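Peer 1: Once you have looked at the hints, place chain G on chain C.
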Amino acid sequence: MEPADELLNEDAALELHTDPMRLNMGPSHPAMHGTIRMVLDLDGETLVNLDVQPGYLHRGFEKSCERGTWTQVFPYADRLNYVSPMLNNVGWSLAVEKLLQIEVPERCQYYRVILGELSRIADHFTCNGASAMELGAFTPFLWLLKVRDWVWDILERETGARMTHSFGRIGGMAAPPTATFKDDVRRVIPEVFKVVKETETMLIRNRIFLDRMQGVGVLTKEQALSYGCTGPVARSTGLPYDVRKDHPYLVYDRFDFDVPIGEDGDNWDRFMVRLEEIRQSVRIIEQAIEQMPDEGPINIDDPRITYPDKQAVYTTIEATIAHFKLVMEGLQVPKGEAYSFTEGGNGELGFYIVSDGSGTPYRVRVRPPCWYNLAASREMLLGGMIADIIPTFGSVNMIGGECDR
Amino acid sequence: MSQAVIDRLCAHFGDRILETSDAFGDHEVVVALRDWVEVAERLKNDDELQMDHFIDLTAIDHPERQDARFDLVLMTRSSVAGARIRVRTRVEEGEAAGTLTHVWSGANWAEREVWDMFGIEFEGHPDLRRILLYEEFVGHPLRKDYPIDKAQPLVPYREVEDIQKLPPFGIEEGQPFARIDWEARLRGRDRQVSPAIGLQHGQRRALSDSEAARRIQARIAARKEEGAEAGEPEGAKEGSGA
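Taken in sequence, the protein lines are chains C and G.
Reminder that position 309 of the first sequence reads as 309 in this note's numbering, one-by-one numbering, no gaps.
Reminder that position 84 of the second sequence reads as 84 in this note's numbering, one-by-one numbering, no gaps.
Just chain G, with the same shape it has in the complex:
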């Protein structure tokens, strides 16, 4: 059924159809990049073909290949005949392909995705910007030379004037690790304070520096001394018990 599409294309374009294939039952034609848009327009508008159903547009990266680096693959279907065809072209790095957005509206998002993932530009695309990733992303992740475990630095929050505070907060701002005012607690006045007030009152000062900490350490030291004094008789008792 789809072989008829190939025959029709070959009859019309002659040797501008570079290769044809029906491997695994998928009918495919290979065309040069300069014929890309013309072939697509023909597929859509030809009275016999009527490939009006856009299916998919994607790319494959072959960095080790000598001639052109990328394969651009288009799949369409005819809603009338039910025939399917795959069109392939080869794109060199830095080359731009013609856009198909005027042929099928679905090509709009597909081409944006190919641009985002592979960095292939589409000439005449009305709105060629990244679609899955963000503008600040560096590189094109589906290229083979993009490492899968590569991490990109977090994008800083955009600065907005007139708004004094935007996240991320500084290291001394926001919620401290503990909400408990330890000094107050050790002074016997255990009350919860808001983090901001606690910060102003020096709440997050290291415990070892504070007056209370010194008191605790003194108490611990005293307890140790008591233990040392009482330790011997206890040890003797245990010894005798055994």
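Bound-form chain C, shown alone:
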């Protein structure tokens, strides 16, 4: 036996003794996208305790909503989850429409579904691409962002903006679909499929990627439920909860699609769930494109809610007055409280709105999926290594705008 080994008694393991160390990660750290600060207590490189601190992007969304009209919330809603703003727009429209007890025309419902699913694809592309990039795989990131740009091209043609569209309206949309809308979508969809396949080939047999993702950042189903996790984070733990399936809104009950779920709740499952959801979104879009009527109104026919035709505003006094009242006073939402929720990019995006019967919201509460997903990230990270923060935090896909509001 070597003399050195004799010195080691049973208590002293082979590892070196270290003192606990406190380290600040963020708020401006490249991996803490969305400006989050994590205060880490480290034993060597193992996380023994951590405190996740949001708030660096807090700008008072809920307070700001209380001073404008109901329609003026759309630009704010855009900036909640700025990676998939269309889903927020649709979510807000549906919330107000629930209080107004109206339903938009069928063509608009399909239009909302397609634009929303395109946004979801863009959202998942960003998340998965960034996850891969942070682990050193830059190529898939560029590939995915390339396709995201094609998706954004469609959204730009439809809405006029690539990111913050502000395209939703209460009782409809800001504009009807363009003449080439269906063809544009049909052209891009196969490309999306191709790139998803390419990315898969590149990543899912890559040993480095697998080692960083599999078995890292594990969340159990019970924890996910207790923390209020939704979306891909909850589904990766084996919880088959998708608002589109469980509480169908718009026309989601007419489509044939699956809800992918994981088993282990680790980074790998979250990554794969998102990848599969892109495929399912494509399936939904394909069916919606076929079913969507080519003719028909987009906005509901109610002068108390919908803006009058611009030409009529300029030529008739009735339309001028209606337009003036809608702009200056806002549409009047009856008194009441309602909670409306949709499947956002990261899970259940809920709006809990309180109206006092006037043209201004009394209280707007957004239930952001990221908020509770981020709260649960502490469970995923504790006991892990400091290097695991990067893939885990990436796969939670915390969006600062939604989290801090």
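Hints were generated in silico from the structure; no laboratory data involved.
Each hint can be trusted.
Result set (BS3-like, lysine-lysine): computed pairs, CA atoms no more than 30 angstroms apart in a straight line:
{"no.": "1", "chain 1": "C", "residue 1": "LYS194", "chain 2": "C", "residue 2": "LYS146"}
{"no.": "2", "chain 1": "C", "residue 1": "LYS245", "chain 2": "C", "residue 2": "LYS182"}
{"no.": "3", "chain 1": "C", "residue 1": "LYS63", "chain 2": "G", "residue 2": "LYS144"}
{"no.": "4", "chain 1": "C", "residue 1": "LYS325", "chain 2": "G", "residue 2": "LYS144"}
{"no.": "5", "chain 1": "C", "residue 1": "LYS63", "chain 2": "G", "residue 2": "LYS150"}
{"no.": "6", "chain 1": "C", "residue 1": "LYS146", "chain 2": "C", "residue 2": "LYS182"}
{"no.": "7", "chain 1": "C", "residue 1": "LYS221", "chain 2": "C", "residue 2": "LYS245"}
{"no.": "8", "chain 1": "C", "residue 1": "LYS194", "chain 2": "C", "residue 2": "LYS182"}
{"no.": "9", "chain 1": "G", "residue 1": "LYS150", "chain 2": "C", "residue 2": "LYS335"}
{"no.": "10", "chain 1": "C", "residue 1": "LYS335", "chain 2": "G", "residue 2": "LYS144"}
{"no.": "11", "chain 1": "C", "residue 1": "LYS325", "chain 2": "C", "residue 2": "LYS335"}
{"no.": "12", "chain 1": "C", "residue 1": "LYS182", "chain 2": "C", "residue 2": "LYS197"}
{"no.": "13", "chain 1": "C", "residue 1": "LYS310", "chain 2": "C", "residue 2": "LYS182"}
{"no.": "14", "chain 1": "C", "residue 1": "LYS197", "chain 2": "C", "residue 2": "LYS245"}
{"no.": "15", "chain 1": "C", "residue 1": "LYS325", "chain 2": "C", "residue 2": "LYS63"}
Across the chosen pairs, the derived CB separations fall in these ranges:
{"no.": "16", "chain 1": "G", "residue 1": "GLU93", "chain 2": "C", "residue 2": "ARG67", "range": "20 to 30 angstroms"}
{"no.": "17", "chain 1": "G", "residue 1": "ARG65", "chain 2": "C", "residue 2": "PRO334", "range": "13 to 23 angstroms"}
{"no.": "18", "chain 1": "G", "residue 1": "GLY25", "chain 2": "C", "residue 2": "MET328", "range": "27 to 37 angstroms"}
{"no.": "19", "chain 1": "G", "residue 1": "GLU92", "chain 2": "C", "residue 2": "SER358", "range": "17 to 27 angstroms"}
{"no.": "20", "chain 1": "C", "residue 1": "PRO308", "chain 2": "G", "residue 2": "ASP149", "range": "28 to 38 angstroms"}
{"no.": "21", "chain 1": "G", "residue 1": "GLU93", "chain 2": "C", "residue 2": "LEU210", "range": "46 to 56 angstroms"}
{"no.": "22", "chain 1": "G", "residue 1": "ILE148", "chain 2": "C", "residue 2": "ILE102", "range": "23 to 33 angstroms"}
{"no.": "23", "chain 1": "C", "residue 1": "PRO334", "chain 2": "G", "residue 2": "GLN3", "range": "20 to 30 angstroms"}
{"no.": "24", "chain 1": "G", "residue 1": "GLY139", "chain 2": "C", "residue 2": "GLU222", "range": "31 to 41 angstroms"}
{"no.": "25", "chain 1": "G", "residue 1": "VAL30", "chain 2": "C", "residue 2": "PRO303", "range": "33 to 43 angstroms"}
Non-contacting residues of chain G with respect to chain C, defined by C-beta distances greater than 10 angstroms in every case (computed):
{"no.": "26", "residue": "ALA32"}
{"no.": "27", "residue": "THR99"}
{"no.": "28", "residue": "GLY227"}
Owing to the predicted nature of the structure, the values given are computational and were not obtained by experimental measurement.
The beta-carbon is built from N, C-alpha and C at its ideal position, and this holds for glycine as well.
Peer 2: Frame of chain C; chain G shown alone:
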């Protein structure tokens, strides 16, 4: 589906369920503040209800209301039955609600947020501190009496001993507005100096005080005189041209 939850709660709690509602399809029960935690525990642990999925917890401020100022609203869902329920209670200003952190972990951040935004305390919360705003913030911004355009003074940097220099720098420190040493430039020796050295050499002294400035002003005055002398013939020429 969610009506069954209300029925079950009513059967168990009787008249301690103060109100029920299903407006807009959202099923809701109103309970007294003292029953808040018990109802939540029942929702989670009841064999039939199993409301194990925490959805949201928030508050609404009604300052003009006579009785209790705040509405505390809890939303949960059952992952088994898919049923949803909203529980509401009323909290007077200064009153503390019981914490739900032992029922659902998600209540931890939600209650911290309600405390931060509305100033409602939660008894028994393990870590009740502000979550979105900073410790020095005065007031609770989502209360109706907090003006939206109110500005709070910038918090001074915390003092740290042993570190001699921390931002913000004093008015005479850091980078001056111009990096150009004007006196050197006017003396014909145009060179860039570091701001700190420039400051020591009196670089930022007002231009009008310096020797060079007086020279410039003298030169300008001389040019004006020349112009005045030559001005008349020029003006005459123009006049004749027109």
